[in-house]
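Visitor: Residue numbers (my numbering), protein chains in the order written: chain A, 922 to 1153; chain B, 922 to 1153.
In short, the hints are calculated from the structure, not lab data. No residue lacks a Cβ here, since even glycine has one placed at the ideal position from N, Cα and C. There's no promise every hint is true.
Claimed, not checked - Just a sample of chain B residues kept apart from chain A, beta carbon distances all over 12 Å, derived:
1. 939
2. 1026
3. 1034
4. 1038
5. 1102
6. 1113
7. 1126
8. 1132
9. 1135
10. 1138
Claimed, not checked - Covered by chain A, according to a simulated footprint, are these stretches of chain B (three or more residues, beta-carbon under 8 Å):
11. 978–990
12. 1047–1058
13. 1063–1069
14. 1073–1082
15. 1089–1098
Number of protein chains: 2
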Amino acid sequence: MHRTRIRVVEDALDANNTIARANRADFDRARVTVVNLMSAPGAGKTAILERVIGELQGVSVGVLEGDVQGSLDAERLAGLHVPVTQLNTDPGFGGECHLDANMVRSALDSLPLSEIDLLVIENVGNLVCPAEFSVGEDARVMVSSVTEGEDKPLKYPLMFRTAQLVLINKVDLLPHLEFDLEHFLYNLDQVNPGVDRILLSARSGEGTGALCDWLTRLATPAGGGVREEVAM
Amino acid sequence: MHRTRIRVVEDALDANNTIARANRADFDRARVTVVNLMSAPGAGKTAILERVIGELQGVSVGVLEGDVQGSLDAERLAGLHVPVTQLNTDPGFGGECHLDANMVRSALDSLPLSEIDLLVIENVGNLVCPAEFSVGEDARVMVSSVTEGEDKPLKYPLMFRTAQLVLINKVDLLPHLEFDLEHFLYNLDQVNPGVDRILLSARSGEGTGALCDWLTRLATPAGGGVREEVAM
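Isolated chain A, as found in the complex:
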């Protein structure tokens, strides 16, 4: 009865981690590599998936779409002929702003794990809370759009610090922006030195080959080295 508020938060995260480990064990048993894909709203997560899923060779992909409400992104991906499962976070309230391990667990039975090699979990668009909740993923990939400014790694450090790969999207717009790429990369290295990064344009296709290579390495046994980097 003497617990402080912080203690309660830690308990909630502890429970989350317990469930995340159970998810991870199930994914490992099914030999499915799991990517937790995160970004701010409108940074281009779905556009990147639309572009990359068709290009991936020899890796069967499934997608778990996390949204507060609706299934717009799942509908966008429907034409790619890969299994897509929708997960909505709104319980009649405003909606949870992130996925947690238990939400992902509730979707496990709907996921065709035996048919896929790589599961991409597209998280709710948010740079804060999704970073706090492991869902049992092997790697975290985050998207930062150049339209969002150079300061984002410093303003949302946990998100950038816990990513194994940072996708710098919408680089086709660089000629029309005052975005200082060197400054962004400097800020990124301040919070996550040397983290893998790919310059990308979901519109022009720049960088999608490099992303396919990265995902293929992750999803094949020899590329399993990244798996231990996600703390749970």
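Chain B: place on chain A using the hints.
Guide: Structure of chain B alone, referenced to chain A:
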């Protein structure tokens, strides 16, 4: 002891609303109009303030800067010679993804309420949770950047539904995007029919005059009609 999880959430919101009403009473006593400014990360809240605060005539402005960590935005506003108070949400954990009424209340003593007519509370960049927590504001203003896509009102409906003004920012980039403005406005009217909206570019200055007019009307007694629209 038989409360469900949802019940706890409602209690938390109820406590928040109690404190928000106390904040509102204090703001009213000091004759300060309060705007809760919200958006996704990188949509341009601070850039808009940088542009507009200097243009406002006859309205003394103060700013309360909400961030997970750091004071980058407060530093950007320092050159405008208006009082700026920094409020950080990180308690050593990942950081809260929104401001709530109690956080704002904790800053009341640092705010020079007797010197200002309008307090702008720049919320944490997030399209979900900030919409759930009243902080005692008179009006909610949200920023949606055209780089974020047309679907955002449908994906984050509570945020768009509870705004009294939607700023559609970065319109200078429209020639370089495939953004369909009519489609965005259609989606906006689906969730918040007829809500005030201003096309804006913090970079070019387009629309900042209209925003100044809107804020001036809000902050002067004759414009107080909007005040009752924020549910608490």
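Visitor: Now look at each hint and say whether the structure bears it out.
Guide: Each hint, compared with the structure:
no.	hint	verdict
1	939	holds (17 Å)
2	1026	holds (16 Å)
3	1034	holds (27 Å)
4	1038	holds (29 Å)
5	1102	holds (15 Å)
6	1113	holds (15 Å)
7	1126	holds (15 Å)
8	1132	holds (20 Å)
9	1135	holds (24 Å)
10	1138	holds (29 Å)
11	978–990	holds (count 3)
12	1047–1058	holds (count 6)
13	1063–1069	holds (count 3)
14	1073–1082	holds (count 6)
15	1089–1098	holds (count 4)
Figure legend: structure checked against the earlier numbered hints; every hint is met.
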